[in-house]
Amino acid sequence: MIIIHVINNLEIGGAETQLVKLVSNDLNNKNIIFNLIGRNSFISVLKKKNIEIINFNFKSKNPLVFCINFYLFLKTIKKYKPSVIVFWLYHSFIFSIFIKFFFKKIKIYWNIRQVIPNFKFEKKLTKFIYLICKFFSRLPDGLIFNSKESLSMHKKNNFINKNTFYIPNGFEFIDNKITFKDRYFEEKIKKKKVISLIARYHSSKGHMIFFNAALKLLKKHKELIFFIAGKNSSKEKIFINKINEYDLSNNFYILDEINNVDYYLKLSDILVNCSISSEGFPNIIGEGIINDCICISSGIGDSKIILNNNNFLFFENNEEMLQKKIISILELDSNKILEIKSNTKFFFKSHYSILNTVNMYNKIYNI
0 MIIIHVINNL EIGGAETQLV KLVSNDLNNK NIIFNLIGRN SFISVLKKKN IEIINFNFKS
60 KNPLVFCINF YLFLKTIKKY KPSVIVFWLY HSFIFSIFIK FFFKKIKIYW NIRQVIPNFK
120 FEKKLTKFIY LICKFFSRLP DGLIFNSKES LSMHKKNNFI NKNTFYIPNG FEFIDNKITF
180 KDRYFEEKIK KKKVISLIAR YHSSKGHMIF FNAALKLLKK HKELIFFIAG KNSSKEKIFI
240 NKINEYDLSN NFYILDEINN VDYYLKLSDI LVNCSISSEG FPNIIGEGII NDCICISSGI
300 GDSKIILNNN NFLFFENNEE MLQKKIISIL ELDSNKILEI KSNTKFFFKS HYSILNTVNM
360 YNKIYNI
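Numbering that gives the first Met the number 0 numbers the first residue of the sequence shown as 0 and each following residue consecutively.
Among these hints, one or two may not hold up.
Mimicking DSBU-like on lysine-lysine, the simulated pairs with C-alpha atoms at most 30 Å apart in a straight line are [said to hold, decoys possible]:
1) K123 <-> K104
2) K215 <-> K303
3) K119 <-> K133
4) K335 <-> K362
5) K77 <-> K218
6) K236 <-> K126
7) K230 <-> K189
8) K48 <-> K265
9) K215 <-> K187
10) K80 <-> K122
11) K236 <-> K58
12) K189 <-> K323
13) K190 <-> K221
14) K344 <-> K180
15) K123 <-> K77
16) K47 <-> K80
17) K335 <-> K189
18) K161 <-> K191
19) K133 <-> K74
20) K77 <-> K147
21) K133 <-> K161
22) K362 <-> K104
23) K265 <-> K20
24) K161 <-> K147
25) K133 <-> K104
26) K191 <-> K119
27) K60 <-> K47
28) K187 <-> K147
Since the hints were made in silico from the structure, they are not lab data.
Let's have the full structure, built from the sequences with the hints guiding it.
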């Protein structure tokens, strides 16, 4: 069976990572990715798996360029004759509205990867696209959700379709040998506990909650180092100014987008997810668990199901609550920490295998 996946871009992110894992582990179908904007952080991974990627240039504001790309988009679909097209994320759903009229026999699915966002953190265009998607939500053959919270939320907000499916994110439980080294980081964290936040810099990701909690903790706990990584994080002037003002350069390590997430997670003691909007299944929590981090999360999306322990959730999303959670973990003895890590990992492995996820998608394709 030929399946086309349509996504805005292939930059590093939760949805993009899941798409790459899905097509890399699906050995029963020919999967092709349509990359609408053309940015791609997974070229080498996809090449190794012989996954075909078709790049388009829908980012251009030139109407002629857009029309040419749309013509090529339709022509390429006709060339491959797919049985199924899966559209990932709200923005790509707009394209499916037209595709459904041009190719009536192709099954169309929307893959919704988030809870309904708090639109005060989003661009006005995002809200407009969301409203269009809600209006046309009956159009696809089914809606796929990666979290139970997202499915429930969208139903309550009138995303109406006769076929709705819950398929959680899937993960590979293999111990890859890591050859990458950041010697400066390794030297910096000696004799210190590492507390990390890894997410693109965006108001919905709660960076300031994490940063302000860090500043308060460092008044009494100088043995801590706070690692922040994600697109645009290293350029944030508030971080730089405050670190310089309080002379805390030895207690912070801030990077932009990173490709070696596993490496930094393996060197982290605690991973924090501070998201306050949008996320349905925080992918970074899964990656943290696999790499033996103790994870703390806001109550966003399915976090409470994934972690399976309310002691690691802070439902009041503020720096005071986060600070208390971090201290409570730092006070645990080493045996208790090992027990928590082992129990969390066992639960996670039994519920979120990538092979189970692939099988769930294949069942939908064959309905």
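Okay, the hints, checked on the actual structure:
1. K123 <-> K104: 34 Å, violated
2. K215 <-> K303: 26 Å, holds
3. K119 <-> K133: Distance of about 18 Å is within 30 Å: holds.
4. K335 <-> K362: 40 Å, violated
5. K77 <-> K218: Violated - the C-alpha atoms of K218 and K77 are around 63 Å apart, more than 30 Å.
6. K236 <-> K126: 28 Å, holds
7. K230 <-> K189: 26 Å, holds
8. K48 <-> K265: Holds, at roughly 26 Å.
9. K215 <-> K187: 20 Å, holds
10. K80 <-> K122: 35 Å, violated
11. K236 <-> K58: OK: K236 and K58 at ~28 Å, within 30 Å.
12. K189 <-> K323: 24 Å, holds
13. K190 <-> K221: With Cα atoms ~11 Å apart, K190 and K221 stay inside 30 Å; holds.
14. K344 <-> K180: Status holds; Cα separation ~25 Å.
15. K123 <-> K77: 34 Å, violated
16. K47 <-> K80: 24 Å, holds
17. K335 <-> K189: This hinted pair holds, its Cα atoms lying about 22 Å apart.
18. K161 <-> K191: 53 Å, violated
19. K133 <-> K74: 27 Å, holds
20. K77 <-> K147: Violated, because 35 Å separates the two Cα atoms, which is more than 30 Å.
21. K133 <-> K161: 14 Å, holds
22. K362 <-> K104: 18 Å, holds
23. K265 <-> K20: 20 Å, holds
24. K161 <-> K147: Measuring from Cα to Cα gives roughly 17 Å; hence the hint holds.
25. K133 <-> K104: Holds, because 23 Å separates the two Cα atoms, which is no more than 30 Å.
26. K191 <-> K119: Distance ~37 Å between K191 and K119 Cα, so the pair is violated.
27. K60 <-> K47: 33 Å, violated
28. K187 <-> K147: Status violated; Cα separation ~40 Å.
The structure is inconsistent with the numbered hints 1, 4, 5, 10, 15, 18, 20, 26, 27 and 28, although it conforms to all the rest.
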